[in-house]
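Undergrad: Just need the whole structure built from these sequences, with the hints factored in.
Protein chains in written order, with the numbering used here: chain A, 1 to 292; chain B, 1 to 292; chain C, 1 to 292; chain D, 1 to 292.
It is worth saying that the hints were derived from the structure and are not from the lab.
Any given hint might turn out to be false.
One copy or two, it doesn't matter: identical chains are merged, so the pair holds either way.
Keeping only pairs whose Cα atoms sit at most 25 Å apart, straight-line, the calculated DSS-like set for lysine-lysine is [stated by the list, open to error]:
(1) 49 - 194
(2) 108 - 194
(3) 108 - 131
(4) 49 - 108
(5) 191 - 108
(6) 131 - 191
Computed from a predicted model, the values in this text were never measured in an experiment.
4 protein chains.
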Amino acid sequence: MMIENTWSRWGPDDERGSLNFIGPDQVRRATALVQTGEVLRLAQLLSSKTPVPSHRCGLQHFMGRDGGDYAAGAGRPGGFQFAEDSVIMPLHIGTHVDALCHAWYDDKLFNGFSSHTVRSTTGASKLGVEKMPPIVTRGVLLDMVRVRGRVLVPGEVVSRADLEAAAALAGLQIERGDAVLLRTGWLESQKGVKNVSFDVEPGIDVDAARWLAEREVAVVGADNFAVEVLPFATGAVFPVHQLLIRDFGVPLLEGLMLDPLVASGRFEFLFVASALPIVGATGSPLAPVAVL
Amino acid sequence: MMIENTWSRWGPDDERGSLNFIGPDQVRRATALVQTGEVLRLAQLLSSKTPVPSHRCGLQHFMGRDGGDYAAGAGRPGGFQFAEDSVIMPLHIGTHVDALCHAWYDDKLFNGFSSHTVRSTTGASKLGVEKMPPIVTRGVLLDMVRVRGRVLVPGEVVSRADLEAAAALAGLQIERGDAVLLRTGWLESQKGVKNVSFDVEPGIDVDAARWLAEREVAVVGADNFAVEVLPFATGAVFPVHQLLIRDFGVPLLEGLMLDPLVASGRFEFLFVASALPIVGATGSPLAPVAVL
Amino acid sequence: MMIENTWSRWGPDDERGSLNFIGPDQVRRATALVQTGEVLRLAQLLSSKTPVPSHRCGLQHFMGRDGGDYAAGAGRPGGFQFAEDSVIMPLHIGTHVDALCHAWYDDKLFNGFSSHTVRSTTGASKLGVEKMPPIVTRGVLLDMVRVRGRVLVPGEVVSRADLEAAAALAGLQIERGDAVLLRTGWLESQKGVKNVSFDVEPGIDVDAARWLAEREVAVVGADNFAVEVLPFATGAVFPVHQLLIRDFGVPLLEGLMLDPLVASGRFEFLFVASALPIVGATGSPLAPVAVL
Amino acid sequence: MMIENTWSRWGPDDERGSLNFIGPDQVRRATALVQTGEVLRLAQLLSSKTPVPSHRCGLQHFMGRDGGDYAAGAGRPGGFQFAEDSVIMPLHIGTHVDALCHAWYDDKLFNGFSSHTVRSTTGASKLGVEKMPPIVTRGVLLDMVRVRGRVLVPGEVVSRADLEAAAALAGLQIERGDAVLLRTGWLESQKGVKNVSFDVEPGIDVDAARWLAEREVAVVGADNFAVEVLPFATGAVFPVHQLLIRDFGVPLLEGLMLDPLVASGRFEFLFVASALPIVGATGSPLAPVAVL
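TA: Here it is, written out as structure tokens:
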């Protein structure tokens, strides 16, 4: 029998969803994978040039004090000089996590929380990104570019069978608590593109998403913007978001920069991702780490 | 002979400073420390209530779309609903890292880079936070509250001898590449305080900072706002920032939330901290992780 | 018979409310008042020091490029140098107008528009500040400080009789289309105060507000933060906002800097106030002008 | 003899420049021009859709509280409901004024102030927009579209002779203290254009700018983005900005929405423009008013 969701699996108050699949065993197994001690950052640089969908404004970085001020005569008490700065940014920018309050349907969020809990005044009082513990688990790279022998084209579907083929190619089984990282080649194909389109990209379909949920993975990441294929394979709108985030409580990692990982030749590794604990936020940029 | 700084130790172009002390050996040693598989987040929550010094404005979190909009009739194509949000924040807020471009003197940053490289138009073109690799190393807790048997009082100096006492109490030697985390008790003593003062706090003095630099630690963190004692023990302004950041290239982790670590009873652990790679930024909030 | 509101007085689609009381006659009458040609700005300076209620963050002003950057070596093509900047601010800051979508009750805004028209995604699609035409009309100063012979104290009520006394002292009748500016002395009494309280201040009560609405004034301004007395004279919450804005469609001008007007000795004058036409905004800072 | 600038004309401390040309006589003359009492707003709407040059981020408008929150169950003490909001915007957006600290050359601003007075930490401590008094004077429309019989094309120069022809067509002399508003047709030609170019537009050349300065006008406005022709007619960069703002202390009004004025058929009128008094800012959006 196909389960419909994981609501109430961890009790009516649970706000961690599939991250509950990561227990001490998964953590120890993951840290035991470390061989060379090489550390990789799987994140895009963040700046005003980081692409964002056209309905969002990109990152703005402002210096409140800088070296120019001293050059222009600012005082330096006791010789001391410093610089400081601020940012304005949408939270779903660059490499980021979608928290469980980010997407839903029928006025119900994951675990049955009402959508009325997500307001302008308070942000998300349930399932906010601050409720996500740091992710420390085994990372598994599913490299569709290697499966296909080419970068996937916009709109190309990654199916359940494709995921199985990628796992086979890696010589791995997807296991409970894994962080599954999908390479479609999308991000690397966007280098130097001026007006990046966020409307068409390769990604998984609903059936592939269900396969991942059935494997009880902790988190699904990809090197594209939405994890799922755009435009949507079915008539639904963001059906993979609906299934993974809302039905199964699986947070998504989007915009992963997988180049250094691909270059390493490794398919499994210690994976660490720790979001900014912004109270009531629907997501957060972050800089995930692979330790080889 | 006392060395004055570590400039040019890793070449004239180096922008990593003491993080160079973390090599594959340090990483492997650190991951091998994992025993129970427990994962701790060593970060303050980020919200408009997160205290900031009075010359800075705190975090603002704005919902661009939320559950209220749907309650008021916003369309839900294909049933899909979502929420998204933005933040405005100073980068030295909550638990954050000071990048090597944050503080200096005599118009020279670490490794001799000119302060003219830090501008409004570009941010820091040298030593920006995006140049810091993720930190994966051994974490060592130096618990001054346990040494003293009480929370330290504002203005109380933590000396070289105090650090040695804390290391002895932990039964550990400080080694090359360590992340040294200092507990003064300051943050826990501020709980519920309405107007947190950032002008007076316990912390290390210059001599203690030099002791850490001589041990070749990778990074120094603390549960206070400035790592160093305020007001300054000597006539200088932020002398510990000057010595650690500018002379020795040691980034600082400020505002660490050490409560869960203290509760665990552990003094050494796998420590992971990965800043947002904001191009040209002088720092970044982050959520460091201890794995026990 | 007491009218309850002015809904539908100008048709079911009207979004101008009492500003409809200003017609060409009122404009010509107002410009004919000019005698000396002196021009006064009735606005507070805007900066990070401009007081705001504690639940709002104040103005932040960031330079994107400045003279310091050139001092530090920024290029100056063809000799040209420039500076530019951005602001972040709440719209109800300093001297500002409350648009008709700012306050309401029972889910109905002025003229019966549903409160569902005010959303995160769109702002206010009805009664936004951009729907307010520039205000050009006769200004009348009602100087309660002169009536009382002293600055009013926090919580002191300005009643209908007080307004009548102030008009008599000015030798004026309040007429249709007037901009009535009330001086309580509050703003001038806050000079140099560090933590300005926005919870207690002198201002009008509901009955005085009704008197103004009955006179068919176009707009009501004051040198305090809420026009109305705080704490509220009755059990209701912001009852004057409810009556003037929601029932009678009268926008409010708050935080007026009346000092130069008081110094001039004039009680009637040409008054001009033109808000930033921010689409869907609930208000706007502005710099009203009196021409004597 | 050609004068080179108006520095020190109003003393070494002057920060008002050509606005000094508006005295009580000019104000009375201007208010006496009012005939019909019609009031026009000469400003673009401000929203995320307001075009900005690609190196700037546009306006962002965030609701902190709105009708959706009440629909989702937010409390309404005493029945009261309200909405509030914030904006983030560059100050040179939409219809705005360039303050005298916005542009200069050779490290000297208007009246000889050092460019070192413009810093990240303080903004412009000299010639900031808050130093500009409200502008109340005669407005004169110079309608180049009517002179040419067509909208001007990008890059088309408006010369001294063109301005003279436009004044003759209006039957007016340009006089001391005037606000000269130039219609090129640029803004109206951009309606519905998706990616507005700010690199090419019709406007005045340096000689025409000098002609205006010699007439001792108070302010020069236009319906384009830079007042001056782009690309620059000479080898210099923004030569009209250099001459008008820096040499002659003439602020510029950019992005004027002149459609309603053109429709009125009036060439002279009462003109009022009052910038937000943001301390140390290089400009401000505003909503100028013409009274017919």
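Undergrad: Flag every earlier hint the structure violates by its number, smallest first.
TA: Those not satisfied are hints 2, 4, 5.
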